[in-house]
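Visitor: Taken in order, these protein sequences are the chains called A and B. Under our numbering, the first residue of the first sequence carries the number 1, and numbering increases by one thereafter. Under our numbering, the first residue of the second sequence carries the number 1, and numbering increases by one thereafter.
One or more of the hints may lead you astray.
[Unchecked claim] List time: in silico DSS-like cross-link candidates among lysine-lysine, alpha-carbon distance up to 25 Å:
| # | chain 1 | residue 1 | chain 2 | residue 2 |
| --- | --- | --- | --- | --- |
| 1 | A | K242 | A | K203 |
| 2 | A | K65 | B | K132 |
| 3 | A | K9 | A | K34 |
| 4 | A | K65 | B | K39 |
| 5 | B | K132 | A | K84 |
| 6 | A | K65 | A | K80 |
| 7 | A | K301 | A | K242 |
| 8 | A | K33 | A | K9 |
| 9 | B | K191 | A | K84 |
| 10 | A | K203 | A | K33 |
| 11 | A | K80 | A | K148 |
| 12 | A | K34 | A | K203 |
Think of the hints as simulated: they come from the structure by calculation, not from any bench.
Residue strings, one per chain:
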Amino acid sequence: MNTNLLDVKNLCTYFYTDEGVVYALDGVSFSVKKGETLGIVGESGSGKSVAALSVMRLVQTPPGKIVSGEVLMNGENLLKLSGKEMRAVRGGKIAMIFQEPMTALNPVYTIGSQIMESPRIHRGLSRRQARRVAIEMLEKVGIPLPEKRVDDYPHQLSGGMRQRAMIAIALCCNPELLICDEPTTALDVTIQAQILELINDLKKEMNTSVLMITHDLGVVAQVSENVLVMYASKVMEYGGVKEVFTDPCHPYTKALLESMPAVESGRERLHVIEGMVPSLSNRPEGCLFHPRCERRMEICKTLRPELIMAPAGRWVRCWLYASGPRTLGSIERG
Amino acid sequence: MGNTEIENAKIEKRLPASENPVKFTSFYHDAVRRLRRDKIATVCFVFIVFMALTALFAPLIAPYDQSYQDIEAVMSRPTPKHWLGTDEFGRDILSRIVYGARVSLAVGIVAEAIAITIGVVLGALAGFYGGKTDAVISRVIEMFAAFPQILFAIVIMFVFGTGVINVFFAIGFVGWTSVARVIRAQVIQLKENEYVEAARASGGSNLAIVARHLIPNCLSTIIVIATMEIPADIMYEASLSFLGLGVQPPQSSWGEMISVARRHLRSNPGYSIYPGIALVLTVLAFNLLGDALRDALDPKLKNL
Chain A
1 MNTNLLDVKN LCTYFYTDEG VVYALDGVSF SVKKGETLGI VGESGSGKSV
51 AALSVMRLVQ TPPGKIVSGE VLMNGENLLK LSGKEMRAVR GGKIAMIFQE
101 PMTALNPVYT IGSQIMESPR IHRGLSRRQA RRVAIEMLEK VGIPLPEKRV
151 DDYPHQLSGG MRQRAMIAIA LCCNPELLIC DEPTTALDVT IQAQILELIN
201 DLKKEMNTSV LMITHDLGVV AQVSENVLVM YASKVMEYGG VKEVFTDPCH
251 PYTKALLESM PAVESGRERL HVIEGMVPSL SNRPEGCLFH PRCERRMEIC
301 KTLRPELIMA PAGRWVRCWL YASGPRTLGS IERG
Chain B
1 MGNTEIENAK IEKRLPASEN PVKFTSFYHD AVRRLRRDKI ATVCFVFIVF
51 MALTALFAPL IAPYDQSYQD IEAVMSRPTP KHWLGTDEFG RDILSRIVYG
101 ARVSLAVGIV AEAIAITIGV VLGALAGFYG GKTDAVISRV IEMFAAFPQI
151 LFAIVIMFVF GTGVINVFFA IGFVGWTSVA RVIRAQVIQL KENEYVEAAR
201 ASGGSNLAIV ARHLIPNCLS TIIVIATMEI PADIMYEASL SFLGLGVQPP
251 QSSWGEMISV ARRHLRSNPG YSIYPGIALV LTVLAFNLLG DALRDALDPK
301 LKNL
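With the rest of the complex left out, here is chain A (with noise of 0.2 Å):
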């Protein structure tokens, strides 16, 4: 029995652009159970937002494409679905909430409105019956005095309450997947923890599975219990958090760990990774990430390498974890 809610499952993502091809996703796969969180980090440009879009099919074709692979929900491939069945399932099955809680609200409607429409597409509800949930929402996620918020519009709102409202809007139907793009990055600490949260009660308490999509190590450690790491398109680790952030086995998950200031190290200069994500459009031979790594070898510079099985009992990318090169036929096509 598969008990996985989520299977993605070796999804190419590209764009086609003036400047060549750009490979935004290759190859990437995961799963998410019931009621668990997976978080996706990478820097910019590793290709972390466009794996939520894809998951949603919202990739904006042309220029993007998904190319292959499938993304299974509960066994159904939601690529095969048509795009009436799809926008059943964005808002009802899966919901998303964006990284600026400013501009994702609508400004010309009331709050209360704008949770109102999903419930009233997707569940066919009366506008008085959305309307009471509408209000449920609201105190559900900590808005006070939600009878009077309701009728409120974003700008009346600070950035915190407006995330909330967001919160509320991608939950009112029930989702059995949350899909968070960033959704703190525009907070302050002090709100961004409540955000935080907020999302594991109502996660607990709807037993919905999060895709949690960020570029802080932080955020991930506090809300997931898998987390896969990205960079350049391609997945370059993926386990458990608590075993990736205390072992990391990749040098590019020790590299970002080490990025990250730490309040007892007391140095005064952060680790820095030399160099910078590879354009997509003109990605490096080899492993894609060995001009930044500090582990380089002979094989990262012609060779790309597969995901595979460390001994440390979770996936990764690299060649120190191989035993030797394979044989070309094995080698992903680069």
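Based on the hints, put chain B in the right spot on chain A.
Guide: Chain B in isolation, oriented as in the chain A frame:
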């Protein structure tokens, strides 16, 4: 749950509603407040309302029917019986101006409603879908805009014949291009907003996104365009009627009156001056109100 928010809730509960110091206002509420502070805009608005009421209740307000002929007072100067004098058939000029307001305002509003409907729909589709849809609609806009508008309206009137209804369509049909251009540009800008993506992520179809999210966000632009274009449409109607292609006698319209009166400019100058004043004041009021609305609805000036 944030502590500060709990505190706020407690505070708000303690305060009776009337003492709540923060008064929340919506965007349009703010705009109306700013508009009311603008004296010129207020005067213009009152004048427009006055003209609208005049047009609406013309039979009650006008001292005579628009086609009633007072044979004893043909081409009379202003008298207590005929405040603004009479025309060459002995018809009361004041009454004809009052009835003429009906035509002018109706043309301004209906023609602009037609122009805005066509312009908003086509502009929004072009802006939202882009690509081929945009290319086709933009070329159509350019084709329409290539003709001088009045010439185009004259051609339409010529083909379909005179009469008020045809005036509506002729003016509405030439006026939509400017609306479409502005709305297209604004939709292109608006569709990049995250709430559009959020709407899509919560299962909204393209049509729902355009109708529910993009067009309502263009509303302030549409209001401003309407108030700026209505006077232009009133002028077009006057021009068409002046040229004899619009409203036909005995029905009165300001343009038609000015047209006929130019033959009597020497003997009875009031005959052309009074409808001219009505026309100028109405157009001016709409223009000034449009200017004030543009300022009031500009979010950048919000704190003024």
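Visitor: Could you run down the list of hints and mark each one as holding or not?
Guide: Okay, the hints, checked on the actual structure:
{"no.": "1", "hint": "A/K242 x A/K203", "verdict": "20 Å, holds"}
{"no.": "2", "hint": "A/K65 x B/K132", "verdict": "19 Å, holds"}
{"no.": "3", "hint": "A/K9 x A/K34", "verdict": "17 Å, holds"}
{"no.": "4", "hint": "A/K65 x B/K39", "verdict": "56 Å, violated"}
{"no.": "5", "hint": "B/K132 x A/K84", "verdict": "23 Å, holds"}
{"no.": "6", "hint": "A/K65 x A/K80", "verdict": "14 Å, holds"}
{"no.": "7", "hint": "A/K301 x A/K242", "verdict": "31 Å, violated"}
{"no.": "8", "hint": "A/K33 x A/K9", "verdict": "14 Å, holds"}
{"no.": "9", "hint": "B/K191 x A/K84", "verdict": "21 Å, holds"}
{"no.": "10", "hint": "A/K203 x A/K33", "verdict": "13 Å, holds"}
{"no.": "11", "hint": "A/K80 x A/K148", "verdict": "43 Å, violated"}
{"no.": "12", "hint": "A/K34 x A/K203", "verdict": "10 Å, holds"}
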